[in-house]
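Colleague: Let's have the full structure, built from the sequences with the hints guiding it.
Chain by chain, the residues run as shown.
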Amino acid sequence: MATTLDSPRSPYARPTGKRGTNWEKWGWIYMRGSGVVLIVLIFGHLFVNLMIGKGVDALNFGFVAGKLASPFWQWWDVAMLWLALIHGGNGMRTIVNDYATQRVTRGIFKWAILAAVVILIVLGTLVVFTFDPCPAGSPADLLPKFCPAI
Amino acid sequence: MPQQSARTLTSQQKTTSRRPAGTLYRGREGMWSWVLHRITGVAIFFFLLVHILDTALVRVSPEAYNAVISTYQTPIMGLGETALVAAIVFHAFNGIRIILIDFWSAKYQKVMFYVVIGLWVVTMLGFAPRHLMNVFSH
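One line per chain: the protein sequences are W and U, in this order. Sequential numbering of the first sequence, starting at 1, is according to full-length UniProt numbering. Sequential numbering of the second sequence, starting at 1, is according to full-length UniProt numbering.
Think of the hints as simulated: they come from the structure by calculation, not from any bench. Cβ coordinates follow ideal geometry from the N, Cα and C atoms, glycine included. Be a bit skeptical, because a hint or two may be false.
To be verified - Here are the simulated distance ranges between beta carbons: (1) W/71 to U/46: 40 to 50 Å; (2) U/43 to W/58: 21 to 31 Å; (3) W/79 to U/46: 36 to 46 Å; (4) U/106 to W/58: 23 to 33 Å; (5) U/75 to W/20: 46 to 56 Å; (6) U/126 to W/27: 28 to 38 Å; (7) U/103 to W/14: 17 to 27 Å; (8) U/126 to W/122: 28 to 38 Å; (9) U/103 to W/104: 34 to 44 Å; (10) W/27 to U/106: 15 to 25 Å; (11) W/17 to U/61: 53 to 63 Å; (12) W/32 to U/133: 34 to 44 Å; (13) U/133 to W/11: 49 to 59 Å; (14) W/78 to U/115: 26 to 36 Å.
Modeller: Written out as structure tokens, the structure is:
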């Protein structure tokens, strides 16, 4: 297969005859926009979970449930979930486009990436907004301090 | 067209005075930043998949969540978390470098790569000792 490679710094020209939304351009913009927001969200996430207090040693249901009981951390985590999965999925798509040379394998990989991203976004969003920080019948010492004693 | 591009490249490689000559992406800082950005990106993506699944266990039961999260507190996982944070911090700072190259100027891309490495070292000096103390101080 003869492929013509442009010189790396030649100006980009969209193939003629392409109409409608330029999705690749919006994907490119999304990677940069979401990247900047993700730096704030993930650095904050790492600082609060790993640096403050006893860090990773203090992580347990009580800690996470205590955080996720507040709408602030719910929205923080949901924003991180959506932005990071779409950012990562789009990055993986770029890599598959670069390295998977067969049309069929490329298709399989990209559908697998899409499926993983969609399933985890739905799962994560449902978990954040439907979980109960004080599940009935659980031992009190595993729960956040604000849970009413049974 | 391919022959012409190839000739343009070789002729540009010989001129060292005009930067960025040739390509930003082959050899030296440009290429290594690109390689590291890909590798760290893929690593972070796969961790993200696992991390969402383990966090989803808060919806199952406190016991299930604690059982899984306690494996994150072992020494080997502690070292893995340090590597993960190292990957995230590099990807973050190099991402800013990419944005600056795209929206500002490619002129300082090499300098900015060393700034990224410098900021990465400083951030990791702040993070790694504290995290490793938490991991190894049982």
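Colleague: Next, verify each hint and record whether it holds.
Modeller: Quick rundown of the hints versus the structure:
1. W/71 to U/46: 40 to 50 Å: 30 Å, violated
2. U/43 to W/58: 21 to 31 Å: 25 Å Cβ-Cβ, so the 21 to 31 Å window holds.
3. W/79 to U/46: 36 to 46 Å: 21 Å, violated
4. U/106 to W/58: 23 to 33 Å: 44 Å, violated
5. U/75 to W/20: 46 to 56 Å: Given a distance of about 54 Å, which is inside 46 to 56 Å, the answer is holds.
6. U/126 to W/27: 28 to 38 Å: At roughly 33 Å between Cβ atoms, residue 27 of chain W and residue 126 of chain U fall inside 28 to 38 Å, so the hint holds.
7. U/103 to W/14: 17 to 27 Å: Holds - the Cβ-Cβ distance for residue 103 of chain U and residue 14 of chain W, about 20 Å, lies within 17 to 27 Å.
8. U/126 to W/122: 28 to 38 Å: For residue 122 of chain W against residue 126 of chain U, whose Cβ atoms are near 36 Å apart, the range 28 to 38 Å holds.
9. U/103 to W/104: 34 to 44 Å: At roughly 37 Å between Cβ atoms, residue 104 of chain W and residue 103 of chain U fall inside 34 to 44 Å, so the hint holds.
10. W/27 to U/106: 15 to 25 Å: 21 Å, holds
11. W/17 to U/61: 53 to 63 Å: 56 Å, holds
12. W/32 to U/133: 34 to 44 Å: Once the Cβ atoms are compared, 36 Å apart, the range 34 to 44 Å for residue 133 of chain U and residue 32 of chain W holds.
13. U/133 to W/11: 49 to 59 Å: 52 Å, holds
14. W/78 to U/115: 26 to 36 Å: 33 Å, holds
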